Structure formats: structure tokens, C-alpha cells
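Model the full structure from these sequences, guided by the hints.
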Amino acid sequence: MNAPVPGFQANPPTVDWEEDVPVPAAAQRPLQRLLPPLPLLGHYPLTTQAKLLGGLGALLLLASGSLILSARGSEAILVAGLTVFVLAFLTIVALAYTCVVEALLQARRSARESQRHEAAIMRLLNEMGDLAEGDLTVRAVVTEDITGAIADSMNFAVEELRNLVSGVERGSRRLTDKSEMARRISAQMLLAARYQSERIHAAGGEIGQLLDSIRAVSTAANDTMVVAQHSLEAASLGEHAASDTIRGMTDIRTQIQETAKHIKRLGERSQEIGEIVELIGGISEQTNLLALNASLQAAAAGEAGRGFSLVAEEVQQLAERAAEASRAIGSLVVGIRNDTIDAMMAMERSTADVVEGARRADAAGQALDQIQHVTRQQAALIGAISSATDSQAAVTGQIARHIEEVLQLTQVVGEGATGTASAVADLNALAGELRASIAGFRL
Amino acid sequence: MAWLGVRAGAINLLVPGTDVLEVLPFTGCSGVPLTRPHFRGLSNVRGSLFSVIDLPALLGFASVPVGPEARLLLLAPSHMRHTALLINRLLGLYPEPPVNPAGAAEGLSGLADVAPAAVLPPDSAAFLGQPRMDAQDLVWHVLDCAALVALPSFVDVGAPEIAIGWSGALA
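Protein sequences, first through last, are from chains A and B.
Numbering-wise, this note's numbering puts 180 at position 180 of the first sequence, and it's gapless, one number per residue.
Numbering-wise, this note's numbering puts 115 at position 115 of the second sequence, and it's gapless, one number per residue.
I should point out that these hints are in silico values taken from the structure, not numbers from a laboratory.
In this text, all values refer to a predicted model and were calculated from it rather than measured experimentally.
FRET-style restraints, in silico, Cβ to Cβ:
| no. | chain 1 | residue 1 | chain 2 | residue 2 | range |
| --- | --- | --- | --- | --- | --- |
| 1 | A | 342 | B | 123 | 48 to 58 angstroms |
| 2 | A | 339 | B | 152 | 50 to 60 angstroms |
| 3 | B | 49 | A | 258 | 54 to 64 angstroms |
| 4 | B | 150 | A | 279 | 41 to 51 angstroms |
| 5 | B | 123 | A | 321 | 40 to 50 angstroms |
| 6 | A | 265 | B | 129 | 50 to 60 angstroms |
| 7 | A | 327 | B | 99 | 26 to 36 angstroms |
| 8 | B | 49 | A | 325 | 30 to 40 angstroms |
Just so it is clear, CB atoms sit at the ideal spot from N, CA and C, and this is done for glycine as well.
Rendered as C-alpha cells:
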């Protein structure tokens, strides 16, 4: 871009019209240096300046000559007058020559200069021709011509414009990059928002299921509560029944013990009867022996003892009957005693059974009491569960509402992301347009 | 005249009432060492000492155990003073002994049926009469007390081995 265009060399070839000038430019330059143009004369051409200088020299000579004439003697005044005259003449000649040369030079120079100006302007126009097409790499050759300053200024302006367009290009490029990044980010945001929306929707559904299950748990807990209440009542009834049973058992036991006491007394009585009967048996035995001995004695007495023998025989028979009766009574008493012993044993077994039954009823009562206790605890726990599930249901409802709100917010976010995406697309399009607009520039 | 029916060992005996002074329950007696088994010992009856002869043991049966049915028959002094017969049981008073004699073989067989282990000593025939059967088919032997007390083995109550020892010492 910055490459020099062919035809515009850094050292341009010397222009041919300068050789035609009799007074070289180098000869004029010291003069111009010696006599720098006054601010008032700066705008005038050199020929005019030479005329003025010639006039000024003549004036100065005239003034000096007049001064010498006024101050010195006659010879000196003559010499001086001649000298002054010669000098004045020479000056006049020089002035005239100068004026002629100046006029010739002026004519030629003006022609050349106008040619040169035209060429320079043409060249400048030529150089600046590409600029119109947007080539900012164009550089005008800065010469000492009239177009030099213009070329310099234009170069500066083109450079500035180039910098500006470069900055715009870089900016649009960065804008494109950034908007692409923003587009990607907004696309990701949109995806994330959609995913979030789906997730939140799913979470809302799950929360709904959770709410249903919590309500089911709460219902079940209430049912269980009712059941526990029933079982509490049943256990209470059972405990009453058990205590009634224990009381009945205790009564039975007391009665059995009373009866056993009676039977025992009966047994003792029959024992006494047996002893008495035994005594009677012994007495009858002795009576029998006595009657036997009496009859033996009567037999020993012979005929005299016959009557006594009959009596003794009667006594002996009576004694034998008494012995038989007492034996019968004894066996009856033994039977009574055996029955009594059996009854006593049965009573003892019954008492043991009653005690065992009472113990079992007591154990059942204690078990029912424990059941009651446990059921009460269970009812309390179920109540706690019920209230906890109620509050859980309330909190879950709140969560569901919050999720609904979050879902709405997420939809808003999704819409925002969509808007952001379209805005970013617009921005991208704008950056494209910007770049397209500066695409015509060549940097 | 009355007869006392008694049980001695496995046989039934009829003892004439006149031979018996008194019937007493047996409540035990003081044993005498170095005597024969049928000599049961001495018993105090109202202040008088009586020799107690175990009749079943004399007949070869088991000794009479002390019990409520065991009885002492005090013998009439006309036969032997201060002597009592120990029997198992008193069966009762009987007016007359049964007349129809049981067959010897029948009686022995009946005896064997009643007490198969019992073996009557050979000298028992001297004081035991022939067996008789009464109306209730009970077999009875009539006891001859005079013949009994006259029996040397009845009187000789010393232990035989001791007697031999003495005789040996005397010789």
C-alpha cells in the first residue's frame, strides 16, 4: 500500500526549463539571501526586487556624491565628482541591464512557471486519482512546486483518514468477534434457559407427586391414628376384663381355700371317728375275749356254769357284731378319709390352677397395659407425623408456587435470551454492514 | 363242752375248752437265748411268768408275728403249769368237732393245697388227731394237749447244738 507508485520517484529528474535560464538559480540565491525580501516585498517577483535594488543603489550613490561635494576641496571634488559620475553611470548601466535581463527572465519564467504549475497540478491530480477510488495507500510526491504543500497536507489528511478507517475496520472486526461471542453466549443462555425451564417443569411435576404422596401419608397417618384410638379402647377394655378376671380368680381362690378348710376339717373329723371306731373295735375285741374266757370258765364249772355259758355266748356274739359294725364303720371312715384326701388334692390343684390363671390374667393385664402405653406413644408419634406431613404439604405447596414463579422467570429469561440473540444478530449484521461500508477502502 | 377253733400255721386245730384256762391277746414276750425256735420266751400274765410255746413253729410252720389277731392260750394247770400256746388266730367257739372224717389222702392233699410248704414233723401224729371236715368244707385237727405236753421235744427247749456240746462235755 505504501509502496511507491512508479513514476513518483523520491528524486525526481531535473526539470529541463531551468537550464534555459541565463542567471542560474544558484546565483540568485545568494542575492536573495543577502537581501532577504522585506515583508512588504516578499510577495513580489525577483525582477521587481532587482529594479528596486538598482534604484536604491542609485539613490545611495547620489546621496554619497552630494555629501562628498559638499565636504571637500575642488580637486578632490572633481575627482570625486568624476568617480561619482562614473560610478553613477555604471550603476545606471547595470541597472538598465538588470532591468532588461529581468524583463527577459520574467517573461520566460512566467511561461515556464505556468507550465510547471500546470504539470504539477496535473501530476497531483493524477496521483490523487486513486484516492477517489478509495485507495488510501496513495501518497502524493511532495515537491517544491506549488502543489508541494497541498500534497503534504493531502498526504497528512490521507494518512489520518487511513488511520481512521483502519481503526473503524479493527473496531468492526472486534465488534464482529465480540458479537459472535455474545451470540454464542446468548445461544448457550437460551439452551440453558430451555434446559432450566424443562428441569423446573419436571421438578414442578415431581413436587406435585411429592405433594400427592405427602397427602397420602397424611391420610394414612390419620387413619392409623383412628386405628390406634380403637386399639387403645380395645386394650383398655381388655385390661378391665383382665382385672375383672383377676378379681374373679381371687374370689374363686378364697372360696376354694374356704372349702378346702372345711374339707380338711371334715377329714380331721373322720380321722377322729376312725380313731373312735378303732377304740370301739378294740373294746369289742376285748369283750369278745372276755366272753370267750367267761364261757371257758363256765364250761370248766361244768353243769353249774351252763346258764353263765349261754350269757357269755350272747355277750360274745354281741361283741362280734359290734366288732363287725365297727369294722364296717372303719372301712367307711377310711373311704371318707381317702375321698377327703382326694378332694384336698383336687382343691390344691384347683388352687394352683386358679393361682396360675390369676398370674396369667395378671400377665395379660400387664401386657394390655403395655399395649395401651405403646399405643398411646404410637398415637402421639402418629399425631406428630400427621402434623409434620401437614406442614410438609404446606411447605411443598409453597415450593410448588415458587417453582411456578421460577418457571415464569425462566420463561422471561428465555425470552430475554432470545431477544439478546436477535439483538446480537442485529449487531452482527450492523458490524457486517460497517465492514462492507469500509470494504471499498484500500489500506 | 366247747371247743376252741384256732389257726396254727396252715392248719386249723380244735382245742377242747377244758384244756384252756384263758385266752389272751399276744403283745410280745421276752425272748430267751440258747433255746429252740418254738420256745418263744417268757410272758408276764398278771404277775405270773408263762412259758410261751410257738405252736406253728413246733409244727414246722413260720413263727407267729406279733399282731392284733395273735392269741395266747393259757393251758390248764392240770396239763402243765405256767405254759401258754401261741397261735395265729382264734377262729371261734365250736360246740362239737365234725364227725365225718376226711380221707387221709384227701386231707393230706387238702393240707398240701392249703400249705404246700408245710411239712408236719413225724412226731406230730402223737398229739394231732385224724383230719375231719365240717359242713363248710373246713379241715380240722383235734389237738390232744396231754399228748402234746408229754412230747419230749415240747419240753426240751434247749438249743440242740448246745445240748450236744454239753453232752460232749459231760462225756
